[in-house]
Amino acid sequence: AQSVTQLDSQVPVFEEAPVELRCNYSSSVSVYLFWYVQYPNQGLQLLLKYLSGSTLVKGINGFEAEFNKSQTSFHLRKPSVHISDTAEYFCAVKAMNSGYSTLTFGKGTMLLVSP
Amino acid sequence: ETGVTQTPRHLVMGMTNKKSLKCEQHLGHNAMYWYKQSAKKPLELMFVYSLEERVENNSVPSRFSPECPNSSHLFLHLHTLQPEDSALYLCASSPRPAGEGTGELFFGEGSRLTVL
Chain A
2 AQSVTQLDSQ VPVFEEAPVE LRCNYSSSVS VYLFWYVQYP NQGLQLLLKY LSGSTLVKGI
62 NGFEAEFNKS QTSFHLRKPS VHISDTAEYF CAVKAMNSGY STLTFGKGTM LLVSP
Chain B
243 ETGVTQTPRH LVMGMTNKKS LKCEQHLGHN AMYWYKQSAK KPLELMFVYS LEERVENNSV
303 PSRFSPECPN SSHLFLHLHT LQPEDSALYL CASSPRPAGE GTGELFFGEG SRLTVL
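Sequence order for the protein chains is A and B. Just add 1 to the spot in the first sequence (first one is 1) and you have our numbering. Just add 242 to the spot in the second sequence (first one is 1) and you have our numbering.
What the hints contain is simulated information worked out from the structure, not anything from laboratory work. The reader is advised that the hints may include incorrect statements.
Stretch-level coverage of chain A by chain B, calculated; a stretch enters the list once three of its residues show a Cβ under 8 Å from a Cβ in chain B [claimed, not checked]: (1) 37–45; (2) 100–111.
Sample of chain A residues lacking proximity to chain B, with all beta carbon distances greater than 10 Å (derived) [unchecked claim]: (3) Val20; (4) Arg23; (5) Asn25; (6) Ser27; (7) Leu52; (8) Ser85.
Positions of the beta carbon are idealized from the N, C-alpha and C atoms, including for glycine.
Please build the complete structure, drawing on both the sequences and the hints.
Structure (structure tokens):
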């Protein structure tokens, strides 16, 4: 079985500053990796995903993430955040080719952007 | 209508009421899911339907009863709920049958349930 750890439950940052939201996973097989964003009172929306190929993945709204197999990490970054990026961010993982498995989500990181 | 649509968006019910949440996906997907999202808790997977068959039921109390009449519709019937059942209920769908493919999920906006 796989698991996901989001080390920070809350990350406060000032507008226009860079941000990194951390995600580590555990799996005995290769994985697919995802970041989702949830704005207040809304559902989860896909930000980006790593399926294969280049380890640097670009997503919507200027976010990117880097898959590091040796560190089993998939950290999310943005060079300059906006107030509108205030939301909860979820990292998720699914094992490849391992029989029945669905997405496993982390507990989420609340990004709080202030002026 | 596109994507995954959930109705109602907000629901307030008493503990003795019977109500239903509805989810409809317009994506031609093969699997549908119910998640519960409570404050300060991780997402909880409740039920999974794949090709209209229930394939996962994660120890959910019987006061929650899912129904999947076809591949585009998913219901969650609610009966004699408790105040601790108050939460955001999220519906999702995936293109491939559950467990297959990348596992990518497409979520609806959620139904905010308050039990008095």
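These are the hints, each one checked on the structure:
1. 37–45: Since 5 is at least three, the answer is holds.
2. 100–111: As far as the region 100–111 of chain A goes, the hint holds, because 9 residues have Cβ atoms under 8 Å from chain B.
3. Val20: 22 Å, holds
4. Arg23: Non-interface label stands for Arg23 (chain A): nearest chain B Cβ at 16 Å, farther than 10 Å.
5. Asn25: 15 Å, holds
6. Ser27: 15 Å, holds
7. Leu52: Check fails; 6 Å does not lie beyond 10 Å.
8. Ser85: 18 Å, holds
When each numbered hint is compared with the structure, a violation occurs for hint 7 only.
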